[in-house]
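Protein chains in written order, with our numbering: chain A, 1 to 160; chain B, 1 to 775.
Note that these hints are calculated values from the structure, not bench results.
The C-beta atom is built at its ideal place from N, Cα and C for all residues, glycine as well.
Treat the hints with care, as some may be off.
For lysine to aspartate or glutamate, the following EDC-like pairs were computed, each having C-alpha atoms within a straight-line distance of at most 16 Å [as the list claims (entries may be wrong)]:
#: 1; chain 1: B; residue 1: Lys12; chain 2: A; residue 2: Asp147
#: 2; chain 1: B; residue 1: Lys646; chain 2: A; residue 2: Glu126
#: 3; chain 1: B; residue 1: Lys587; chain 2: B; residue 2: Asp576
#: 4; chain 1: B; residue 1: Lys12; chain 2: A; residue 2: Asp96
Among the chain A residues that face chain B by a calculated CB cut under 10 Å, a handful are [what the hints assert, rightly or not]:
#: 5; residue: His40
#: 6; residue: Glu44
#: 7; residue: Glu79
#: 8; residue: Ile90
#: 9; residue: Trp95
#: 10; residue: Thr106
#: 11; residue: Pro107
#: 12; residue: Pro121
#: 13; residue: Arg129
#: 14; residue: Glu133
#: 15; residue: Val146
#: 16; residue: Met156
#: 17; residue: Lys157
#: 18; residue: Gly159
Covered by chain A, according to a simulated footprint, are these stretches of chain B (three or more residues, beta-carbon under 8 Å) [stated by the list, open to error]:
#: 19; segment: 22 to 30
#: 20; segment: 194 to 200
#: 21; segment: 446 to 459
#: 22; segment: 487 to 497
Residues per chain are reported as follows:
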Amino acid sequence: MSNTTTIQVRVNGVSRTDEVQPRLLLVHYLRDVLGLTGTHIGCETSLCGACTVMVDGAAAKSCTLLAVQADGCEVETIESLATEDGLHPIQEAFWDCHGLQCGFCTPGMIMATRQLLQENPSPSEEEIRRGLEGNICRCTGYKHIVDAVQQAAEQMKAGT
Amino acid sequence: MPVSKLVGTKVKRREDPRLVQGLSHYVDDLRMADVMHAAILRSPHAHAHINGINTDAAQALPGVVTVVTGADIGDSVGSVPCAAANPTLRTPPHPVLAQGEVRYVGEPVAVAVAGDSYTARDALDLIEVDYEPLPAVSDLEKALEPGSPLVHSQWDSNQAFTFECGTGDMDKARAEADVIVRQKFIHQRLAPIPVETRGVVARYFPGEDELTVWSSTQIPHLLRAMLALVLGFPEHRIRVIAPEVGGGFGCKLNVYREEALLAHLAMKLKATVKWIEGRRENMQATIHGRGQVGTVEAAVKKDGTILGVTYDSLLDTGAYHQLLTPGMPPLTGLMISGSYKIPTLKFTSTGGFTNKVATDAYRGAGRPEATLVIERTMDLIARELDMDPVELRRKNFAQPSDFPLSVATGLAYDSGNYQAALDKALEMVGYQDLRAEQKRLREEGRYMGIGFSTYVEICAMGPSAALPAGGWESGTVRMDFTGKATVLTGVSPHGQGEETTFAQIVSDDLGVPIEDVAVLHGDTAVVPNGIGTFGSRGISVGGTAVYMATQKVREKAEAIAANVLECSTDDLEFEDGKFTVKGVPDKGITIQEVALQAHVATKLPAGMEPGLQATSVFEPSNFTFPFGTHICVVEVDTHSGEIEIKKYVAVDDCGKVINPMIVDGQVQGGIAQGLGQALLEEVVYDEDGQLVTGSLMDYAVARAEDLPPLEFARTETPSPVNPMGVKGVGEAGTIGSTPSIVNAVVDALAPFGVTHIDMPLKPEKIWRLCQGGNK
Numbered sequence: 001m002s003n004t005t006t007i008q009v010r011v012n013g014v015s016r017t018d019e020v021q022p023r024l025l026l027v028h029y030l031r032d033v034l035g036l037t038g039t040h041i042g043c044e045t046s047l048c049g050a051c052t053v054m055v056d057g058a059a060a061k062s063c064t065l066l067a068v069q070a071d072g073c074e075v076e077t078i079e080s081l082a083t084e085d086g087l088h089p090i091q092e093a094f095w096d097c098h099g100l101q102c103g104f105c106t107p108g109m110i111m112a113t114r115q116l117l118q119e120n121p122s123p124s125e126e127e128i129r130r131g132l133e134g135n136i137c138r139c140t141g142y143k144h145i146v147d148a149v150q151q152a153a154e155q156m157k158a159g160t
Numbered sequence: 001m002p003v004s005k006l007v008g009t010k011v012k013r014r015e016d017p018r019l020v021q022g023l024s025h026y027v028d029d030l031r032m033a034d035v036m037h038a039a040i041l042r043s044p045h046a047h048a049h050i051n052g053i054n055t056d057a058a059q060a061l062p063g064v065v066t067v068v069t070g071a072d073i074g075d076s077v078g079s080v081p082c083a084a085a086n087p088t089l090r091t092p093p094h095p096v097l098a099q100g101e102v103r104y105v106g107e108p109v110a111v112a113v114a115g116d117s118y119t120a121r122d123a124l125d126l127i128e129v130d131y132e133p134l135p136a137v138s139d140l141e142k143a144l145e146p147g148s149p150l151v152h153s154q155w156d157s158n159q160a161f162t163f164e165c166g167t168g169d170m171d172k173a174r175a176e177a178d179v180i181v182r183q184k185f186i187h188q189r190l191a192p193i194p195v196e197t198r199g200v201v202a203r204y205f206p207g208e209d210e211l212t213v214w215s216s217t218q219i220p221h222l223l224r225a226m227l228a229l230v231l232g233f234p235e236h237r238i239r240v241i242a243p244e245v246g247g248g249f250g251c252k253l254n255v256y257r258e259e260a261l262l263a264h265l266a267m268k269l270k271a272t273v274k275w276i277e278g279r280r281e282n283m284q285a286t287i288h289g290r291g292q293v294g295t296v297e298a299a300v301k302k303d304g305t306i307l308g309v310t311y312d313s314l315l316d317t318g319a320y321h322q323l324l325t326p327g328m329p330p331l332t333g334l335m336i337s338g339s340y341k342i343p344t345l346k347f348t349s350t351g352g353f354t355n356k357v358a359t360d361a362y363r364g365a366g367r368p369e370a371t372l373v374i375e376r377t378m379d380l381i382a383r384e385l386d387m388d389p390v391e392l393r394r395k396n397f398a399q400p401s402d403f404p405l406s407v408a409t410g411l412a413y414d415s416g417n418y419q420a421a422l423d424k425a426l427e428m429v430g431y432q433d434l435r436a437e438q439k440r441l442r443e444e445g446r447y448m449g450i451g452f453s454t455y456v457e458i459c460a461m462g463p464s465a466a467l468p469a470g471g472w473e474s475g476t477v478r479m480d481f482t483g484k485a486t487v488l489t490g491v492s493p494h495g496q497g498e499e500t501t502f503a504q505i506v507s508d509d510l511g512v513p514i515e516d517v518a519v520l521h522g523d524t525a526v527v528p529n530g531i532g533t534f535g536s537r538g539i540s541v542g543g544t545a546v547y548m549a550t551q552k553v554r555e556k557a558e559a560i561a562a563n564v565l566e567c568s569t570d571d572l573e574f575e576d577g578k579f580t581v582k583g584v585p586d587k588g589i590t591i592q593e594v595a596l597q598a599h600v601a602t603k604l605p606a607g608m609e610p611g612l613q614a615t616s617v618f619e620p621s622n623f624t625f626p627f628g629t630h631i632c633v634v635e636v637d638t639h640s641g642e643i644e645i646k647k648y649v650a651v652d653d654c655g656k657v658i659n660p661m662i663v664d665g666q667v668q669g670g671i672a673q674g675l676g677q678a679l680l681e682e683v684v685y686d687e688d689g690q691l692v693t694g695s696l697m698d699y700a701v702a703r704a705e706d707l708p709p710l711e712f713a714r715t716e717t718p719s720p721v722n723p724m725g726v727k728g729v730g731e732a733g734t735i736g737s738t739p740s741i742v743n744a745v746v747d748a749l750a751p752f753g754v755t756h757i758d759m760p761l762k763p764e765k766i767w768r769l770c771q772g773g774n775k
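Sequences are here, hints too, so could you generate the full structure?
Now the structure itself:
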């Protein structure tokens, strides 16, 4: 398995050129090659959403994408959200509303929320629940997550 | 006493900044130099003899370090432990890799170690195993029939154990009864599904002859002790670390083959070896929960008085015992009385081996079974007597004046006010109006149902006498030179927020800012001893130990302060972290200054040891018994079989509350899992023992849309068992919710003659019932 291919990816604003096996999953590229371990692996089948990242601005499940499929793309992970000024409003809202317990699904849930709010800045509760259907949280029962998304939506609208 | 400032209030979790940024370290996130990766070959057969294994091609694959089979290991690693005590127990050998025979789909057969995880997985494809399939038994009841294929051929049947408890004369109860109600219940197997699967990294340090094991576990200290026994390696040279743990729900309250296997490989290879469980492996080889079948019989007077209840049950143990497998039925049996005064109770359980993975503790662990049985039975009785289910419950409730309440199963419930929780829930849901609405809707051909669960559960595990490996917990509180406090706790939180709640307790009682309190856990080299997090024991046992240690630290601080201020401790007041001499408010010393004095050690009372720290080990005198009322209102679409939850009200009483936000979160998450059992989740094996639900595509975990809007309230009945009056809340939602949902659906379908439905209540099942009923 020594054959490799070169990919160029912009990850969290940094341009990368790496030699990877064609079969390397994007999530393993992010975690094992780049050391960005905030993106988690929960099911390897796109069903739990723990591995959600943004690829060219759209939420994608990095456990079922190959790294080579991200060649030439812009990838954003959970590590890109907070700045020197502090947490992203979605992160802040998850903290405020107790939208997480064990925290393992949280990076994926936050990235999915980002996509949701990007498409619909004022979602109803129903729209939030439907918008997060690709992400499993086994701890919270989702109520506090819905609260967090609502708070983040308000904050982000106020901030723009 | 200082005024409580943080205890009882919503304090945002201190765990969260690292978690929301993805900066925490779960096992798979640990970066170590020269780590090798293990992949495990698992049995595709439910039962087969292994004639031989050829690993040559796998060994020859470039990048492969070694391939190990059960034959290679032989008896150099001991049997995976079962800690539950039962004199009738048959305990089969439980090797880390199969020794000549496999007994469930997913049983580990061989392990490949390579420089990277992809190569390790490639190696598995090159291992040739010559299996000779043997007859398998998947169905529990069939497994216990004569002539069933034997899971373990050294015994003449698949009976794994028997257990019984209870008191009273059921024949007499039957004779005096006006009505006998009988019902069979199936508590389907559930998969715990923490979003983080299991994972282990084991590292051996040859120079020091020391082993460090990082594992996604709820019980680092118990795991260390068990690894010492299984590996035959001294406990004091093993360090177990539970790093950030991504959910457990009981399935990580265990000791698994892979933990011992990885430790063995690390020592054998004198290296660092890592294994991360895949989700399919997790469905196959991490314990399942529930897996009980039983029949209840209740003897009742016409006025609703319950004279006696028997529940005869079977437990599907699976093929091997895990740590607490046989310990689940006792938790069902002891709680079968629910919140009612029932003079005669009899519980029996027979464990049966099947060709499936083991069952063990999953959130609720035996109590959801008890609650479902007694709460469904209450509704069955109410239906039989044409009584309102609320009236029947009120009639049989234990009253507040009855506590401590001796129950016929042998327990003494600590405190309770079941009526108050019920009243509050009835008011919130608007019960009388709902019954009128139900009647009206039925006339329109719409089917609404109202379901109750007036549950009680057993928590704060627990007195050591009742647990197989100690029920105490340790807590250490230390103030250092600079006045910062460090807490060491033996519980091992994995989402419960004890880095916050324990700091709330210490911050209040020592008068130090919460930012100055660090809570450390999950490392046997840091925390001297401990048991772990399970059985809703974090706050009630672990928190109590921390509370007690905090009081000792304050007493010592007070003695030092008195010596420095040259007064008697009786002359001191303590408020906001400062000791002052009564009546002389400008003569005082802060606790931080006391901490410095404790370490400088020049102004200590004669004979006092320097330093400012204390350890307490709390041994609870009893369990605690949280309770509450959950009411579920559903409407069933009889054309599609779909169930819509219109309203869900939960009133829970977990005693004193340290952080209401965290308690809400525990209850909500618990309900999501209880709802999952009622409506969605079911581990399915076919009759040959093949796992049908092997991925999250086949196994339905509740998603955001599956959860209805929930309404919450609390009553607060302190526990007399511990000084803070706390009870525990980790499992309440799961235990309390399921019966209310099932009862609601059965109530909705009463016009169809439906008296019972087995879980999960899938639309197809409901639709079929609407076509014909199940009389």
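Right, here's what the structure says about each hint:
1. B:Lys12 with A:Asp147: 15 Å, holds
2. B:Lys646 with A:Glu126: 14 Å, holds
3. B:Lys587 with B:Asp576: 15 Å, holds
4. B:Lys12 with A:Asp96: Distance of about 6 Å is within 16 Å: holds.
5. His40: This hint holds: His40 (chain A) lies near chain B, its Cβ roughly 7 Å from the closest one there, short of 10 Å.
6. Glu44: At 6 Å from the nearest chain B Cβ, Glu44 (chain A) passes the 10 Å test, so the hint holds.
7. Glu79: 6 Å, holds
8. Ile90: It holds, given that the least Cβ distance between Ile90 (chain A) and chain B is near 8 Å, below 10 Å.
9. Trp95: Hint holds; Trp95 (chain A) Cβ to chain B Cβ min 4 Å, cut 10 Å.
10. Thr106: Since chain B brings a Cβ to about 6 Å from Thr106 (chain A), closer than 10 Å, the hint holds.
11. Pro107: It holds, given that the least Cβ distance between Pro107 (chain A) and chain B is near 4 Å, below 10 Å.
12. Pro121: 19 Å, violated
13. Arg129: Interface hint status for Arg129 (chain A): holds (4 Å vs cutoff 10 Å).
14. Glu133: 5 Å, holds
15. Val146: Holds, because the Cβ-Cβ distance from Val146 (chain A) to chain B comes to roughly 7 Å (cut-off 10 Å).
16. Met156: 15 Å, violated
17. Lys157: Where the cut-off is 10 Å and the nearest Cβ of chain B is about 20 Å from Lys157 (chain A), the hint is violated.
18. Gly159: The hint is violated - Gly159 (chain A) has no Cβ within 10 Å of chain B, the shortest such distance being about 18 Å.
19. 22 to 30: holds (count 7)
20. 194 to 200: holds (count 4)
21. 446 to 459: This one is violated; 0 residues, fewer than the three required, reach chain A with a Cβ under 8 Å.
22. 487 to 497: Check passed, 4 qualifying residues.
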